Amino acid sequence: MSLDAETLNQFRDTVSRFVRERLVPLEDKVAEDDAIPEDVVAEIREMGLFGMSIPEEYGGVGLTMSEEVQIAFELGFTSPAFRSLIGTNNGIGSQGIIMDGTPEQKAKYLPRLANGELIASFALTEPDVGSDAGSVRTSARREGDHYVLNGTKRFITNAPRAGLFTVFARTDPNTTDASGVTAFLVEAGTPGLKLGPKDHKMGQRGAHTCDVIFEDCRVPASAILGGKEGVGFKTAMKVLDRGRLHISAICVGAAERLIHESLNYAIDRKQFGGPLADKQLIQAMLADSRTEAYAARCMVEETARRKDAGTNVSEEAACTKMYASEMVGRVADRAVQIHGGAGYMTEYAVERFYRDVRLFRIYEGTTQIQQVIIGRSMVRNALRNR
Amino acid sequence: MKVLVPVKRVIDYNVKVRVKADGSGVDLANVKMSMNPFDEIAVEEAIRLKEAGKAEEIVAVSVGVKQAQETLRTALAMGADRAILVVAADDVHTDIEPLAVAKILAKVVEAEQPGLVLCGKQAIDNDMNATGQMLSALLGWSQGTFASELSVDGDHATVTREVDGGLQTIKVKMPAIITVDLRLNEPRYASLPNIMKAKKKPLDEKTAADYGVDVAPRLEIVKTAEPAARAAGIMVGSVDELVQKLKDVGAI
Ligand SMILES: Cc1cc2nc3c(=O)[nH]c(=O)nc-3n(C[C@H](O)[C@H](O)[C@H](O)COP(=O)(O)OP(=O)(O)OC[C@H]3O[C@@H](n4cnc5c(N)ncnc54)[C@H](O)[C@@H]3O)c2cc1C
Ligand SMILES: Cc1cc2nc3c(=O)[nH]c(=O)nc-3n(C[C@H](O)[C@H](O)[C@H](O)COP(=O)(O)OP(=O)(O)OC[C@H]3O[C@@H](n4cnc5c(N)ncnc54)[C@H](O)[C@@H]3O)c2cc1C
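Residue numbers (this note's numbering), protein chains in the order written: chain A, 1 to 386; chain B, 1 to 252.
Hints listed in this document are in silico derivations from the structure and should not be mistaken for laboratory results. Take these hints with a grain of salt, some might be off.
What the hints assert, rightly or not - Ranges between beta-carbon positions, derived for each pair:
1) D33/A / P227/B: 36 to 46 Å
2) D278/A / A232/B: 39 to 49 Å
3) M378/A / P227/B: 58 to 68 Å
4) P217/B / A42/A: 40 to 50 Å
5) G230/A / K66/B: 53 to 63 Å
6) D278/A / K66/B: 36 to 46 Å
7) V19/B / G274/A: 21 to 31 Å
8) I221/B / P25/A: 33 to 43 Å
9) K66/B / E302/A: 44 to 54 Å
10) P25/A / N129/B: 22 to 32 Å
11) A21/B / P25/A: 33 to 43 Å
12) N381/A / G25/B: 50 to 60 Å
13) D278/A / K223/B: 33 to 43 Å
14) G25/B / T366/A: 47 to 57 Å
Unchecked claim - To spell it out: a stretch of chain B is covered by chain A in this simulated footprint if at least three of its residues, at any positions, have a beta carbon under 8 Å from a beta carbon of chain A; those stretches are:
15) 45-52
16) 73-87
As the list claims (entries may be wrong) - Once the Cα atoms are required to be at most 30 Å apart in a straight line, the calculated DSS-like pairs of lysine-lysine come out as:
17) K106/A / K2/B
18) K106/A / K201/B
19) K245/B / K279/A
20) K108/A / K200/B
21) K245/B / K270/A
22) K245/B / K2/B
Every value quoted in this text rests on a predicted model; they were computed, and no experiment measured them. Note that the Cβ used here is the ideal one computed from N, Cα and C, for glycine as well.
Build out the structure end to end from the sequences listed, making use of the hints.
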């Protein structure tokens, strides 16, 4: 569904206010405690932020891609840990069910994902399976009308909180590539499903990942996402397409925050008889950051618009994810630089953001994998048109 | 009981206000506008009364330009049941004076028959602090102003008022006009699903003429000026010097 301009504005204003009045002041506490206070989790739930991309008929808000990125620009302005909390329910944790789930699976899970009662995780990566995601080794052996899962999933976002896991496992032992991979919906508490200890991350404290271990974990055949074997990897790739634009919008929001911090610091800080903001070398850094953030914003908006119009945007989404995540890395680096020694100290938000945004170049497809996707797509299209 | 909540569209409290070059008023062209923060508190209180089972229906009403529709949508998204927009001006710079607003509200009260009118103690744009009181006078209803606590029990309301230097608790007979102060509550954020539902809630549009109220201004604004710029500070060498300087300027 598509909203009218007034409703979207009201939406965006509300999120923007919530971010600035409630979340930004909590950033230091969340980083220090490595936890988001439960009352804030409840508030985020009440606001409906878990269900932004889930269709209205399942209790969500059903935003289009263009609308979702407008909200993501706002959410990006604060610690990515808050975004991570709602990220999987809006993105990789729910989209597979929305796109390929059976009517029963949709009815069973989507309403509880939309209101945040249930947290979803997406379990693809393994200790020996990263960028080469099609080479999944976790096995799912058929036994009558059940499957038995064995294997380990690594770095799974929100796993410590999750009630539902989309697990990618190999159902065809005679394959080693994507064609033998099937997606399963596995509920927390299923015997044989265990969690490892929380990972110690570089940044984004307050958001958690851990291993998800399957030891003879039995699930019914009805747990297969969409009810079909061997199409799991296709589902995963479709899900990542949408996720890439969402992440890109978060990168833009974070870059805008870093620029905001840098600009204010440069105006207040005086050296050599005047504000840093008056020095052209500082202005050059600010101008570069502003320009690149604006370019990424335009890429996100344009690609989202084309996706909503039904165009296949796999190549453009990869371009956008690569550019936006690399861009925010450069902007964060300049922000620390503009802050001088203060930028190296934890009292300043830019120090935290510098570490937080490093992740964006790694997950949901590393920069190199985006390059591979873009390059391969370019060559394929060129050959097709010869 | 029905609760009527008047809400005003004002310059957003985060916006730095700029006076127009000719001093005739404040520049509102392309400036972000929001619901008067005190009115948000009034809407929140009405919702809490409804949640506590003490009110059945919340009607938000706004008098002003057509764009005040957005302000009403915010009230609906927070939890008001329906809204009435009274268009009384075309130009966003036109401020309808408290007496005209109160007269229109009196007519709305006549038509709607609420048991309680909850309004902000003042609007943050012109700080008049008069509409609620004028409405009370026009209707001959009891009033409780500057409420920092409110409880409604049958045909009475108990209002704790924030007055200079302390608190005063009064009991007023219903129906009443209560104007709310900052510390009454912390307004909720509208949830995203409720923003969507608000689109489907009824919003009636009227004009000042429908109520036969003349909204022509009676006050003349002679001049609008920016606050005086803050003077530069000075560095002092010792506490003694600081004390002397403060004495010099008559601060102590
Ligand atoms: C905080 C965090 C949260 C995560 N959340 C999830 C989650 O919720 N669910 C999930 O399934 N996964 C998750 N991941 C895993 C993430 O998706 C992977 O880390 C990512 O895909 C990269 O895989 P890898 O770590 O195994 O690196 P590798 O694949 O080992 O890559 C190492 C390096 O080699 C490069 N490289 C790899 N292949 C090629 C190639 N063909 N050509 C050129 N260069 C190449 C990569 O770009 C990278 O620079 C998360 C990771 C982190 C850090
Ligand atoms: C971990 C750490 C250890 C340190 N140890 C010591 C120590 O042992 N002893 C000591 O004395 N100091 C120490 N310092 C301080 C360090 O030398 C200063 O942080 C550094 O000189 C930069 O000064 P500043 O932090 O005040 O930044 P600022 O001078 O405020 O600079 C901020 C930004 O403005 C830029 N800038 C400044 N002036 C201009 C200009 N005219 N034109 C263009 N750009 C300009 C800078 O390049 C920088 O990007 C340490 C700092 C850190 C972080």
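Do the hints match the structure? See the list:
Our hint of 36 to 46 Å for D33/A and P227/B holds, since their Cβ atoms are close to 40 Å apart. The hinted range of 39 to 49 Å is not satisfied by D278/A and A232/B, whose Cβ atoms lie roughly 18 Å apart. For M378/A paired with P227/B, a C-beta distance near 59 Å keeps the hint of 58 to 68 Å intact. The beta-carbon spacing between P217/B and A42/A, approximately 47 Å, falls within the hinted interval of 40 to 50 Å.
Remark: the range hint 53 to 63 Å for G230/A to K66/B is upheld by a beta-carbon distance near 58 Å. Between D278/A and K66/B the beta carbon distance is about 44 Å. The supplied range of 36 to 46 Å therefore holds. Checked against the given bound of 21 to 31 Å, the beta carbons of V19/B and G274/A, roughly 28 Å apart, stay inside it. At roughly 38 Å, the beta carbons of I221/B and P25/A sit within the given window of 33 to 43 Å.
A beta carbon spacing of about 33 Å between K66/B and E302/A contradicts the range 44 to 54 Å that was offered as a hint. Under the hint 22 to 32 Å, the C-beta atoms of P25/A and N129/B, about 30 Å apart, fit the expected range. Restraint check, A21/B to P25/A: a C-beta distance of roughly 37 Å satisfies the suggested window 33 to 43 Å. Look at N381/A against G25/B: about 59 Å separates their beta carbons, and that is inside 50 to 60 Å.
Between D278/A and K223/B the beta carbons are some 35 Å apart, a value that agrees with the proposed interval 33 to 43 Å. Between G25/B and T366/A the Cβ separation comes to about 56 Å, which falls inside the hinted range of 47 to 57 Å. With 0 residues having a beta carbon nearer than 8 Å to a beta carbon of chain A, the region 45-52 of chain B misses the requirement of three or more and the stated coverage is violated. Check on the region 73-87 of chain B: 3 of its residues sit with their Cβ under 8 Å from a Cβ of chain A, so the three-residue criterion for coverage holds.
For the proposed pair K106/A and K2/B, the alpha carbon gap of about 40 Å is over 30 Å, so the pair is violated. Under the criterion of a C-alpha separation no larger than 30 Å, the hint pairing K106/A with K201/B is consistent with the structure, at around 29 Å. A C-alpha spacing of about 36 Å is found between K245/B and K279/A, which places the hinted pair above 30 Å, so the restraint is violated. Pair hint K108/A plus K200/B holds up; C-alpha atoms about 28 Å apart against a cutoff of 30 Å.
Taken as a hint, the K245/B and K270/A pair is honoured in the structure, with Cα atoms around 27 Å apart against an allowance of 30 Å. Restraint check for K245/B and K2/B: the C-alpha separation of about 59 Å exceeds 30 Å, so the hint is violated.
Hints 2, 9, 15, 17, 19 and 22 from the list above are not met by this structure, while the remaining hints are.
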